[in-house]
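One letter stands for each residue in the lines below.
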Amino acid sequence: MSVWEKLRPYSMVAPAIIVFSLFFIYPIFYMMYLSLFDWNFVSPDKAYVGIQNFKDLLTDSDFRQVLSNTTIYTLLTVTLTTSLALLLALWLNRKGVFHGFVQGAIFSPHIISLVSISLLWSWLMDPEYGLLNWVIGLAGFGKLAWLSHPSTSLVSLVIVAVWKGLGYNALVFIAGLQSIPPDIYEAASLDRSKPWTTFRKLILPLLSPSIFFLVIINMIGSFQVFETIAIMTQGGPVNSTNTLVYYIYENGFRFFKIGYASAAGVILLFIIGVLTIIYFKLLSKRVHYR
Amino acid sequence: MAKIELKQISKKFKDETIIENLNLTIKDGSFTVLVGPSGCGKSTTLRMVAGLEKQSGGEIWIDDKCVNDTPPGLRDVAMVFQNYALYPNMTVRGNIEFGLKNMGIAKQERERLIMDICGIVGLVPHLNKKPQSLSGGQRQRVALARAMVKQPKVFILDEPLSNLDAKLRNQMRTELIQLHKRLGTTFVYVTHDQVEAMSMGDEIVVMNKGVIQQADTPMKLYHDPANQFTAEFIGTPAMNMMDMRDMQGLEIRSATVPGYAGFRPEQALIGAGADSEGYEIEGEILTRESLGAENIYQIQSRNGVFFVKTFLAPLETMRHVKVTVPYDRLYYFGLNGERLRGVEASSKRPAAVGGR
Amino acid sequence: MKTVDNTIGGSPIGTAAAGSRLSHARTRKATIRQAISVLLRVLNIAALLLLVLVFALPFIWMLSTSLKTLPETMIFPPRWIPDNPVWQNYADAWNTGPFLKYFRNSIIIAGGILILQMLTIIPAAYAFARYKFVGSGFLFGIVMVTLMIPSQLIFLPVYLELSAFKLLNTHLGLILPFASSAFGIFLLRQAFMQISDELIEAARLDQAKEWKIIVRIMVPLVKPVLVTFALFSFIAHWNDYFWPLVMTTNETARTLPLGIAKIREVEGVATWNILMAGNLILVTPILIVFFLSQRQIIKAFVYNGVK
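Chains as they are written, first to last, in my numbering: chain A, 44 to 333; chain B, 1497 to 1852; chain C, 2 to 308.
Read the hints as simulated data drawn from the structure, not as lab findings.
Warning: the hint list may mix true and false statements.
Unchecked claim - Heads up, simulated DSS-like pairs for lysine-lysine below, C-alpha to C-alpha not over 25 Å straight-line:
#, chain 1, residue 1, chain 2, residue 2
1, A, 49, C, 133
2, B, 1508, C, 263
3, C, 213, B, 1550
4, B, 1523, B, 1561
5, A, 49, B, 1510
6, C, 263, A, 207
7, B, 1663, B, 1677
8, B, 1625, A, 49
9, B, 1649, B, 1603
10, B, 1603, C, 213
11, B, 1625, C, 213
12, A, 207, A, 237
13, B, 1705, B, 1523
14, B, 1550, B, 1561
15, B, 1510, C, 263
16, A, 89, C, 213
17, B, 1550, C, 133
Could you put the whole structure together from the sequences, leaning on the hints where they help?
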């Protein structure tokens, strides 16, 4: 084997590996390093403070609210999206032009910029002239404040997230349903299995890889929610929709508390890391279904 | 045209030795078939000749030239793969042309060669189709054409017919034999199917566990197997093999004591007259397979279960039969499976054999 | 039998045989069953249409608003069709900022990312799929870790990095961090691994050089995966708001989504009609592409999930 032949694979992976190391791997460590300092980005020297940033964060009532906001938002979004998507998938899992059209329609929000969706829903949720208040008015309810009141703001953001994610989730489920060989249903019906039993004992377990995938992906995605908050609420009113990434963004770019923001970033990294590890653990346990 | 010589070839995968000390000469212009059970090293041997696999030791010579360090493309070897390995993104023409282009052959010449080859294998109407739209047999032909068009010294075929249905396989078998006659190139053919080997090869190399058991003409292999493995591998049903200790009444004179005696199912006689001399076995017929021209019986005897094949004879209806194997049709093997020649046999008490 | 006949009503004349009455009842039952199934089908279609409406209505509302005058947007209950469509809103939206520049930036950035990604992921995926080399496990580990790290997480250190490289507010600064894609390598490696070895061996016997095998045989075979990934990547970066927002401090490299989001900040009062017009400018191209190649795009995004 010539020298060139030995070097070839390395030269082929090098560009990608350099990009990853420079913009993904190294920043992780840099962020951990920064989290131990007090730095305002402008001053030339950083002051080492150890784990003081973390201590401050965990005692900061704002940050606690941010954590609880993020958790509530994530739990609501994930449960609603996944379960509604599963119902939709069971309903829409049919071939044909019309069903194809419906699938396309519910999927369309997924490929649209979050900017558009945020602006559109800000308008839909306008407390005075919004379409949403008109629709619930038709159903006999009074006007809601939606984004402009702390009691409804977070839930309003959840509604937007569910609306955006539902189609994608349903289509992943449909793909999962279609990968189940049809003779399994036939065998079940020959075994006189009732529809509900078939669903619980066959479809649900066979679909579990898709369910786990979506739950984890949705969780990771929800924990990082930023765009809708930045555009629709800026974390308000009264901090009721402030979430982790937005908090990091504000502390870093508005208050220039780089070390403090990095420490919050490390906490988010920890949460997402745990979720990822859980995902892979579950994934390796479930492979035998396929 | 080329002679291929393998000298002291060995092949290891990590710690596992697949082939050790293999020596083989493939005659110029022959149709040589490597045959053996799967995992016997026949494909590996073939791939080493093609240069797709590097031997761990030994030398490969093609036409008095050592090709150990020659890359596969420059060995003047063409190969037909088991799954055809057609380039799915290219048309039939593109597939055949690809190698020629890489060899730097001018466009006009390429066109002429392609048309010639496609005339031979009957692909002219399909030149602009993609492989996906062809039938199995047509794909096989494209693979052949792609190999032939380069006019190689050696043709290597790795189980090329295993993906075809039975009828097409028979047809392609005949076509390949005719093609070999027409081209006169050395063909090296690998198969696990001994019927295919027998019907196609003029030289057959029987391999087992990385060792060549016997390399000979088909008839020699059949009538004069060198060892127990070859004897049992060639022929359907396989040669019946019996432990000498069970063969009561068989008197032998031999320098070494045989461990096993065997006979071919088609050489045993059922219910032969008293005039035919031979070793007699009595038994019960367990099953009868009637294939029209031939019948195959499975018979349970004191010496174990064995098969008898008869030709153009009425189906035996009796349950209890007497089977006679002429003495000169018995083969003897040593305890290690080696063939023992020059063993003479007779019966001590012909009438009493097996009659207990 | 009689009760059945009575309830159905149309009782046959006395002489009719029981058998014929039975069959009559059966046809009636079948008709009822058929009617129920038709009713269910109609209900199903109605429900489906309602579902479509939940997703389509906001867009229709967006279109309707974008053609209204500002006072018209403040009529409650809302009107769907404006009296006089105000096309001027689109021009107004376009003129709230340097939109031509935003548009150009979007093309340069999403296109630049796509081209660089293709150039880096194809060789890397091929090497990971097809060559054995010392350290390949470790290097692929880097790819897998990168696949797990969301860009949302590391924007702060990357911002500092880019600022140190003097790449803030440049196209390059927005392109380089995404010059390769772990997801793309992962997807493509899978595709390369599925190609049979025989094909490469056949090409070697055909005297093809290594690069020729890659370019002429392997890459054409993974073209569907490449197209899928290209769609995925382009749409994702075309739509991206977060990264350009964080990595720019002025207009030089800002993209379309930022420009649209900014319309809101420009005016004091909420000019929803202008905003929705701008939004429509942003959404329409993507929606058109989506409905033209719906199958491909859905596959591109959903395969992300089912692999």
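So, going through the hints one by one against the coordinates:
Under the criterion of a C-alpha separation no larger than 25 Å, the hint pairing residue 49 of chain A with residue 133 of chain C is consistent with the structure, at around 10 Å. Distance restraint check for residue 1508 of chain B and residue 263 of chain C: the Cα-Cα separation of roughly 68 Å exceeds the 25 Å cut-off, and the hinted pair is therefore not satisfied. Restraint check: the Cα-Cα separation between residue 213 of chain C and residue 1550 of chain B comes to about 22 Å, which is no more than 25 Å; the hinted pair holds. A threshold of 25 Å between alpha carbons decides the hint, and for residue 1523 of chain B with residue 1561 of chain B the separation of about 15 Å falls inside it, so the pair holds.
Annotation: proposed proximity of residue 49 of chain A to residue 1510 of chain B holds, straight-line Cα distance about 19 Å (limit 25 Å). A threshold of 25 Å between alpha carbons decides the hint, and for residue 263 of chain C with residue 207 of chain A the separation of about 22 Å falls inside it, so the pair holds. Of the supplied pair hints, the one linking residue 1663 of chain B and residue 1677 of chain B holds, its CA atoms being roughly 22 Å apart against a limit of 25 Å. As the CA atoms of residue 1625 of chain B and residue 49 of chain A are separated by approximately 38 Å, the hinted pair breaks the 25 Å bound.
Proposed proximity of residue 1649 of chain B and residue 1603 of chain B is supported: the alpha carbons are some 23 Å apart, at most 25 Å. Distance check on the hinted pair: residue 1603 of chain B and residue 213 of chain C sit about 19 Å apart at the alpha-carbon level, within 25 Å; holds. Between residue 1625 of chain B and residue 213 of chain C, the direct Cα distance comes to roughly 22 Å. Compliance with the 25 Å bound is thereby established for this hinted pair. Restraint check for residue 207 of chain A and residue 237 of chain A: the C-alpha separation of about 34 Å exceeds 25 Å, so the hint is violated.
A threshold of 25 Å between alpha carbons decides the hint, and for residue 1705 of chain B with residue 1523 of chain B the separation of about 23 Å falls inside it, so the pair holds. Only pairs whose Cα atoms come within 25 Å are accepted, and residue 1550 of chain B paired with residue 1561 of chain B is accepted, the gap being roughly 17 Å. A hinted pair counts as satisfied when its Cα atoms are at most 25 Å apart, and residue 1510 of chain B with residue 263 of chain C does not qualify at roughly 64 Å. For the hint pairing residue 89 of chain A with residue 213 of chain C, the CA-to-CA distance comes to about 53 Å; that exceeds 25 Å, so the pair is violated.
With a CA separation close to 16 Å, the supplied pair residue 1550 of chain B and residue 133 of chain C stays within the 25 Å bound.
Checked against the numbered hints above, the structure violates hints 2, 8, 12, 15 and 16; every other hint is satisfied.
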